[in-house]
Every structure is written in C-alpha cells, then in structure tokens.
Amino acid sequence: MKERLTELYNKEQAAIRGNSSPLINRLRQHAFTRFLEKGFPGTDLESWRFTDLTPLLETDFEINLRNRFSNIDTEKLFTCDVYDLDTFSITILNGWFVHKFAPLSKLSNGTIIGSLAKAMEVYPELLDQYIGRAANTDNYEMAALNTAFLQDGLFIYVPEGVKVEKPIQLINIVDSPNPVFLQPRHVLIAGRGSGITLVHCDHSLTHNVSFTNTVMEVFAEEDSSVEHYKIQNKGRNSALLTTTFVKQERNSSVKSNIITLNGGFTRNTIDVSLTDRGCVSDHYGLYLVDSNQHVDNQINIDHASAGSKSNQLYKGILDDQAKAVFSGKVLVRRHSQQTEAHQNNKNILLTDDAKVNTQPHLEIYADDVKCSHGATVGQLDPEAMFYMRSRGLCERSARQLMMIAFASEVVKKITIEALRKRIHNMVEKRLKGELSICDQCVLHCNSKEPTTFNIDLSKL
Amino acid sequence: MLSIRNLSVSIEGKPIIKRLNLEVKEGEVHAIMGPNGSGKSTLASVIAGRDRFDVDEGEVEYMGQNLLEMPAETRAREGIFLGFQYPVEIPGVSIANFMRTAINEKRKYLGLNPLSGAEFIKLMEEKKKVVDIQSKLTNRSVNEGFSGGEKKKNEIFQLALLEPRLAILDETDSGLDIDALKVVAKGVNKLKRKDNATVVITHYQRLLDYIIPDFVHVLYDGRIIKSGGKELAQELEEKGYDWVKKALASNQEVK
Numbered sequence: 011m012k013e014r015l016t017e018l019y020n021k022e023q024a025a026i027r028g029n030s031s032p033l034i035n036r037l038r039q040h041a042f043t044r045f046l047e048k049g050f051p052g053t054d055l056e057s058w059r060f061t062d063l064t065p066l067l068e069t070d071f072e073i074n075l076r077n078r079f080s081n082i083d084t085e086k087l088f089t090c091d092v093y094d095l096d097t098f099s100i101t102i103l104n105g106w107f108v109h110k111f112a113p114l115s116k117l118s119n120g121t122i123i124g125s126l127a128k129a130m131e132v133y134p135e136l137l138d139q140y141i142g143r144a145a146n147t148d149n150y151e152m153a154a155l156n157t158a159f160l161q162d163g164l165f166i167y168v169p170e171g172v173k174v175e176k177p178i179q180l181i182n183i184v185d186s187p188n189p190v191f192l193q194p195r196h197v198l199i200a201g202r203g204s205g206i207t208l209v210h211c212d213h214s215l216t217h218n219v220s221f222t223n224t225v226m227e228v229f230a231e232e233d234s235s236v237e238h239y240k241i242q243n244k245g246r247n248s249a250l251l252t253t254t255f256v257k258q259e260r261n262s263s264v265k266s267n268i269i270t271l272n273g274g275f276t277r278n279t280i281d282v283s284l285t286d287r288g289c290v291s292d293h294y295g296l297y298l299v300d301s302n303q304h305v306d307n308q309i310n311i312d313h314a315s316a317g318s319k320s321n322q323l324y325k326g327i328l329d330d331q332a333k334a335v336f337s338g339k340v341l342v343r344r345h346s347q348q349t350e351a352h353q354n355n356k357n358i359l360l361t362d363d364a365k366v367n368t369q370p371h372l373e374i375y376a377d378d379v380k381c382s383h384g385a386t387v388g389q390l391d392p393e394a395m396f397y398m399r400s401r402g403l404c405e406r407s408a409r410q411l412m413m414i415a416f417a418s419e420v421v422k423k424i425t426i427e428a429l430r431k432r433i434h435n436m437v438e439k440r441l442k443g444e445l446s447i448c449d450q451c452v453l454h455c456n457s458k459e460p461t462t463f464n465i466d467l468s469k470l
Numbered sequence: 008m009l010s011i012r013n014l015s016v017s018i019e020g021k022p023i024i025k026r027l028n029l030e031v032k033e034g035e036v037h038a039i040m041g042p043n044g045s046g047k048s049t050l051a052s053v054i055a056g057r058d059r060f061d062v063d064e065g066e067v068e069y070m071g072q073n074l075l076e077m078p079a080e081t082r083a084r085e086g087i088f089l090g091f092q093y094p095v096e097i098p099g100v101s102i103a104n105f106m107r108t109a110i111n112e113k114r115k116y117l118g119l120n121p122l123s124g125a126e127f128i129k130l131m132e133e134k135k136k137v138v139d140i141q142s143k144l145t146n147r148s149v150n151e152g153f154s155g156g157e158k159k160k161n162e163i164f165q166l167a168l169l170e171p172r173l174a175i176l177d178e179t180d181s182g183l184d185i186d187a188l189k190v191v192a193k194g195v196n197k198l199k200r201k202d203n204a205t206v207v208i209t210h211y212q213r214l215l216d217y218i219i220p221d222f223v224h225v226l227y228d229g230r231i232i233k234s235g236g237k238e239l240a241q242e243l244e245e246k247g248y249d250w251v252k253k254a255l256a257s258n259q260e261v262k
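Read top to bottom, the protein sequences are chains L and S.
The first sequence runs 11 to 470 under our numbering.
The second sequence runs 8 to 262 under our numbering.
The hints are simulated quantities; they were obtained by calculation from the structure and are not laboratory data.
It is possible that part of the hints are untrue.
As the list claims (entries may be wrong) - In silico lysine-lysine, DSS-like type, Cα no more than 30 Å apart, as pairs:
| no. | chain 1 | residue 1 | chain 2 | residue 2 |
| --- | --- | --- | --- | --- |
| 1 | L | LYS422 | S | LYS193 |
| 2 | L | LYS439 | S | LYS32 |
| 3 | L | LYS439 | S | LYS193 |
| 4 | L | LYS116 | L | LYS48 |
| 5 | S | LYS32 | L | LYS422 |
| 6 | S | LYS252 | L | LYS442 |
| 7 | L | LYS423 | S | LYS143 |
| 8 | S | LYS135 | L | LYS431 |
| 9 | L | LYS265 | S | LYS143 |
| 10 | S | LYS32 | S | LYS252 |
| 11 | S | LYS129 | S | LYS143 |
| 12 | L | LYS356 | L | LYS422 |
| 13 | L | LYS442 | L | LYS380 |
| 14 | S | LYS32 | S | LYS193 |
| 15 | S | LYS143 | L | LYS431 |
| 16 | S | LYS201 | L | LYS431 |
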C-alpha cells in the first residue's frame, strides 16, 4: 500500500495539487516525506500496540484523486431522520464534497461553509493562516498521509462574534461497489467569540470494504465555543480512522462527543492543545460494539498553559469478540498551574472473549493542579440486579434499564435536545438488538441482507 | 398467607436459620426482633428470593404456592415486597422509570393492561403523599446520593406504589431520626388493609411505638425462641436480649 501511494503521489502531482496554495503544497511535501520515513504505524509503536492496521491494508483499494461527483441531489442520496433537528446539512460522498446548489456558501452573517477544495481556490489567504497549524504530521503518521493527499472535505469559517444558530450537519457517506481508500480533510475555524455546533455523521450505504482516513483541524479562537458531535454507524467491512486536532485559545470552550454504534474498525484520535488560560475542553465517548468490531479511542490533551480545564469520559459495552482500546493522555506542563484535568473510562464486558485495553496516562509537571483518572472493566452490580428483581422486573428488563443508564451518562452530555433524544433512542435500540446500520437512511440498505448487530444482554 | 415450616438455611455451609416456624395471616402485623447476627435479614432475603442462600430443609408456602420455587421477580409480582435494610443505588435509572417498569411488568403478569404515562404520573402523585416525598426525588436516580432517611422513605414510597400483599420491612428504622421514623411508620400504617400483612424486622422496640404489632417474635441463633403480643417488645426493651439469652441457657423454652 505504501508503495502504491508513493507511486501515485509522484505520478499524480498535478491532480493532487489542484488549486492548493504554495504553502499547502509545502505542507504536503513535508508530510509526505514524514510518511515515507515512517510508513503506516505498526504495533511496535506504543499508541498502536493494540490496534493493528496491517490486515486492513491488504486490500487492493481504489483511490480517486479526481472528483467525479457534481450536482448530485444530496437529498436523494441520504436523508437524515433526526426529527426536529433543523440543521444546515452538508454531504461528503466518498471523500468528495457533493452539493445540489453551490460548493461554497457565504451566509449573510459572513460564515463560510462548503467544500475545502473550493475554499482553496476562493479563499487561499484565509486558509493559509490556519491549515496545518493544528495538525501535527510529525507525530501522527496517518495525519501525515492525509496531509500529503489533502484535496477536499468540509470547510467552515465562522467570523468574529457570530453565533451560528443552526447546527451544521456533516454527513459522510461511503458508497462504492469497489473497495475505496478515502482521505477527507476538514477545517473548522471558530473566530473570536463565535459559536458553532457540528454534527458529524459517518455512514456507509453498503457493506463493501472501505478505508477512511480523515483529518480535521479545529481552531477555537478566544472566547469561542465549539461543539462537535460524531455519530458513527458503519458497516462491518469499513475501517474508519479519524484524527481531530484542536487548538484552543484563551477562554475558548470545545466539547466533543463520539457515539460509536457500529463499525468494523474504528479509531478516533483527538489531540488538543490548550494554549492559554480559561480553556474548557470536554471529550465524551460511547462505544457499543459486538461481533469482531474493533474500536479505539485515543485522547491527548496538552495543558500548555495554566488555568484551563479538561475532562474525558468514555464508556463502552462490548459483546462477542469485540475489542476496545482507550488511551487518555493528559500532559500538564511545569508552568501550567491551576489546571484541572479529569479522565474516566468505564467498560462493561459481556463475554470472556471481549477485550478492553484501557490506559490512562497523566503526566504532570506542575504542583498546583487538580487531576484524576479512573478506568473500570466490569459487569453489572448483582446487588442492583436483585434489588430490581425484588420489585418485579425480570432479569432482561433490569439489565436493559441498567445498560441504558450506563450509556446515558454520555448521551446526556448532548445539549441539542432533538439530537439527544434521537441518540438515546438509537442507543436503546442498539442495546435491544433492533438497530441496523441502515436505520438512518431512506435508501435503507443496498445490501441484500441488512446487518443486524445484537448486544446480547442475557450474557451478562 | 405465609407459612414457614421447619426452615433451615445456610450460607457457604454455615447454618443461619435453624428449623424455623412462622405463620402470618392476612391483616396481621408481625414484628421479628433479635440481636445482631440472629438471622433476621437472612430470613427476609430468603422470603424475597435472594439466591445466595441454600435452603437445606423445610418449606415456605405463600398463598397456597411453594414460594421457594419462584424466582424473585415472580414473588414480587405475586405480592411480596422486601423493604431493604440497605437500599441499593442504581446510577442513571430514575425512580419513576424504575417503578413504571416494575408496575407494568407486574400488571402484565396479572393479565392487566399497562399503565399509560399519564396514569402512572397520577398514581405517583397520589402515593407521594403517603410518605411526604418531595416531587424532585422521583426524577433522581434510584437511591443515588440519597440520605439514609431518603432511602428508607423511598422504600416505603415503592411499597405504596406496588401495594403488596405481604411486606417485609428489614430494619427500616435503622439510621432514622425520630421524625423520619414517624413518617415511615405513618406510611406503613396508612397502607395497612384487611387483606395484607406486614412483617417488621427490627433490633429496637422504638419503631413498634408507631407500628403496633399483633405479634412479636424473638429470633435468636436462627430460631424463634419466644413469641408473644406487643407487650413482649416492651419487656425486651426493658430487660434486653440478655434476658432471653440467659433464660434460654437455663431452659430451652423461655417461659
């Protein structure tokens, strides 16, 4: 795969570069050199010890460096049925921005939303001020690869003081008869004192093999507020890697919430840099996995300045032979006094074959800090079980109530009510074995046999 | 209603209840008193269906059925209620959701239609008055972060909602101040009917000033060694458990 990508990179320079600025092309070259040196990350690296990409890269993937989609009726492609959720909706199909009207819109309040490829053409100066400044291609091999090939994705710019009322919904769809290798790149810039909510949905419309390596850069400038929700409901043959780089400035607030309902292979990395005081950075996650699904969440938070707060809460329920990895790293630098950092990972395993590797790391060099971490792997409390049965609940209902309660600690953190209700409902359905990956799309499923996953609560 | 005959129970081979007999009829209030470690809570747990105990011999008949063969949830649906000495915290599960599920599963078992949301809320409002419970409490997670008094009130609130035929209250008075005790006792008395029965398990006579028992039994070393009327509780309070213990040592049957 590395050889193919190298060959492609050298041969297709013109197509890859497209309209990118000289600065972006320099970033590209730098990142590509890094990738050549390091290659795909292997399990010899500490952060990849429990997640092996090798088998996923054996497929002969199709890589499209030219956008073949234009003027697609996105509503026909996919309709989100989160009732009452009024969003500004954007679709990315197989890594390319697809649109019905215009590739890039400028709202009356100055907010720019649309295709990154188009933004590189129309707003090169604006992009040059940001792109690559949050992403770290030296330490993250997959981000280096993404940067080398960056072409299209979502671009959002919220000007100073603008609160974008409607959440922006990004629907990321993979729909291809052949195995595809995709590398969308997203950039979100929240200017001073601005506010924005992004709901990011990852779906596959088929059960075909795909590999998505996404990078997103989030710039939260002074006093801005960014909420980022990710709903991952993918087919069993899909591999989804997301790396989100967050750069927070003074008094900014960033909140992320990743709900992984299904997916063959999922790895989410969030890398946060708190560059000034007064930052609040909250990161929540919930993963419900079964069969041979693998989900890996890596959070790195760098308290590079004093007086900021970060919080991580990730919870998971695993059935069958599912595997989960959690690594939460908090670095509190010597001068970063009055830091508050909390981290917690809780798991419930339903079988002996399900496995969790959880690693909290706190690296603290300052002395006036408030930090905590915790990780649990366990089963449901038998005392609570008896208590509920003694009130007349059958074992199944008791388990379900407790499971839903376990999951809802994360779901409750969703502040958009319609989305919270819908996610709560999806989690309930997922735990009752009633959610298939096709549940959210009007097409239902292109595949003849819809996938039904089932977390079997009776195994508890 | 409830006949316990010759019941022996052990845990990990250690005998706890030894050939115990007890008869509870409709409309009666029984108090079981005894020192710590006498087997009071074990007896309550066995009736409610906790499965960590081994029943070595004897039988328990409830409403003409073999109680020991029923799983815990069936016992509850058949009208048995255990007020826990240490109510369990269930994070994330609201009392309202918990109780609605419990009531509707019981109704389903009895062949009744489930209560609608509105009907349930109405029922809940009505029963809140029984124990003076604050409105907010029912939206909170079951027992999570509750004070001792709130936990016990919550038990009585659940009792009121489930309207059992046989309520067993295991040390419901422990950890309560006198005001909370009065509220709890008042709740129990309000729920008393001709066709239901209550078994109050307690260490102290104090609760029995407010819940007047028809019968008092002294449980000691896994056996009921003395039974009497409500005056027995008073006597125990004055003379202490040593009185029965000494009497027992000199004569197997306390006169």
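**Numbered hints the structure breaks, given as an ascending list** = 1, 2, 3, 4, 5, 6, 13 and 16
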